[in-house]
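J.: Sequence:
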Amino acid sequence: MNLAKLIADIQNVDPEFEDRISPRRSVIKNMAQMGANVALAALPLAFGSLLNKAYGQTEADVNDVLNFALTFEYLEAWFYNQGLLQANLIPNADKAYFTAIAAHENEHVSFLKSALGSNAVPSPKFDLTAKGVFEDVLSNYDTYLAVANALEDTGVRAYKGQLVKLMGNQIILTAAMQIHSVEARHASAIRYLRMNRGVNISPWITGSATVFNDTGIAAFNANYIGENNLVQAGIDITTLKGLNGTVSSSTAVEAFDEPMDKASVLNILSLFTA
Numbered sequence: 001m002n003l004a005k006l007i008a009d010i011q012n013v014d015p016e017f018e019d020r021i022s023p024r025r026s027v028i029k030n031m032a033q034m035g036a037n038v039a040l041a042a043l044p045l046a047f048g049s050l051l052n053k054a055y056g057q058t059e060a061d062v063n064d065v066l067n068f069a070l071t072f073e074y075l076e077a078w079f080y081n082q083g084l085l086q087a088n089l090i091p092n093a094d095k096a097y098f099t100a101i102a103a104h105e106n107e108h109v110s111f112l113k114s115a116l117g118s119n120a121v122p123s124p125k126f127d128l129t130a131k132g133v134f135e136d137v138l139s140n141y142d143t144y145l146a147v148a149n150a151l152e153d154t155g156v157r158a159y160k161g162q163l164v165k166l167m168g169n170q171i172i173l174t175a176a177m178q179i180h181s182v183e184a185r186h187a188s189a190i191r192y193l194r195m196n197r198g199v200n201i202s203p204w205i206t207g208s209a210t211v212f213n214d215t216g217i218a219a220f221n222a223n224y225i226g227e228n229n230l231v232q233a234g235i236d237i238t239t240l241k242g243l244n245g246t247v248s249s250s251t252a253v254e255a256f257d258e259p260m261d262k263a264s265v266l267n268i269l270s271l272f273t274a
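In the working numbering, the protein residues as written are 1 to 274.
Since the hints were derived computationally from the structure, they do not count as laboratory data.
It is possible that some hints are incorrect.
[Said to hold, decoys possible] Cross-link-like lysine-lysine pairs, in silico, DSS-like; alpha carbons within 25 Å at most:
id, residue 1, residue 2
1, Lys-262, Lys-125
2, Lys-241, Lys-165
3, Lys-131, Lys-262
4, Lys-160, Lys-262
[Stated by the list, open to error] Beta-carbon label-pair distances, calculated as ranges:
id, residue 1, residue 2, range
5, Thr-99, Thr-210, 14 to 22 Å
6, Ser-139, Asn-196, 29 to 37 Å
7, Leu-84, Thr-210, 14 to 22 Å
8, Met-167, Gly-242, 25 to 33 Å
9, Gly-234, Asn-196, 34 to 42 Å
10, Thr-246, Ala-100, 34 to 42 Å
11, Asn-244, Asp-142, 33 to 41 Å
12, Arg-185, Asn-140, 41 to 49 Å
13, Gly-132, Gly-242, 42 to 50 Å
14, Leu-243, Met-177, 27 to 35 Å
Built from N, CA and C at the ideal position, the CB exists for glycine as well.
The whole structure should be built from the sequences, with the hints applied where relevant.
T.: Printed below as a string of structure tokens:
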């Protein structure tokens, strides 16, 4: 998370922020200056704790959104932590990617738990095989990459689907949008790794008016329903003028990540819950 930018954004939204966190003002000032001296994972945790003290309990609907996000982050953190524990799963050339992604997901868990405080839900137990659909997920690297691909794409959609519910809480909204952007970078990185192994896939979701799942794996269809949407803000994107005529359906699909509603995400999560 970009701590300095988040602090600046909070001050723009709440001019009384420094007074609100006083006498924690000096702590905030020091945190903004000592990023190089403090473990990255500790910054979201500490800052989330200060936000809790400064603003008190969030509303029930915001807690619900954050717990929903936390549950998904639990799954992603467990997925990457377990992957890194397997001696022969991830090639050495790719381990740096997964070490970084795992660190991010664990930071997200820490931040959300800190922001929620006693309202945080516990982590469920997970079945990374999705009840036997991906039995070799922790022994076959290509399967592991494919599941990571679907989980990251779904994470991007899940966050986007909940952002509107956080519009009344600009501080939490800012943090959620930053996590959303990190998930998008994860998704692109995983897709890049699959490309390197010969999979016909792009760093972003591609498709057309009739194709919505570009992973090549039918078991992931539910993760991508609606990704072939061509209409944005009531406008059919394919009717707009492009550089070389009208915009193609594939270009329209690639240009936007579609939000996913909570119920659909929970259905997907249930497959990975023991």
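J.: Next step is simple, just say for each hint if it's right about the structure.
T.: For each hint, the structure was consulted:
1. Lys-262 / Lys-125: 20 Å, holds
2. Lys-241 / Lys-165: Between Lys-241 and Lys-165 the Cα gap is close to 33 Å, so the pair fails against 25 Å, i.e. violated.
3. Lys-131 / Lys-262: 21 Å, holds
4. Lys-160 / Lys-262: Given that 25 Å is the threshold and the Cα spacing comes to 10 Å, the pair holds.
5. Thr-99 / Thr-210: 14 to 22 Å: 39 Å, violated
6. Ser-139 / Asn-196: 29 to 37 Å: 20 Å, violated
7. Leu-84 / Thr-210: 14 to 22 Å: 38 Å, violated
8. Met-167 / Gly-242: 25 to 33 Å: This hint holds: roughly 32 Å between Cβ atoms.
9. Gly-234 / Asn-196: 34 to 42 Å: 39 Å, holds
10. Thr-246 / Ala-100: 34 to 42 Å: 40 Å, holds
11. Asn-244 / Asp-142: 33 to 41 Å: 36 Å, holds
12. Arg-185 / Asn-140: 41 to 49 Å: Violated, since Arg-185 and Asn-140 (Cβ atoms, about 25 Å apart) do not stay within the stated range.
13. Gly-132 / Gly-242: 42 to 50 Å: 45 Å, holds
14. Leu-243 / Met-177: 27 to 35 Å: About 30 Å separates the Cβ atoms of Leu-243 and Met-177, which means 27 to 35 Å holds.
Checked against the numbered hints listed earlier, the structure breaks hints 2, 5, 6, 7, 12; every other hint is satisfied.
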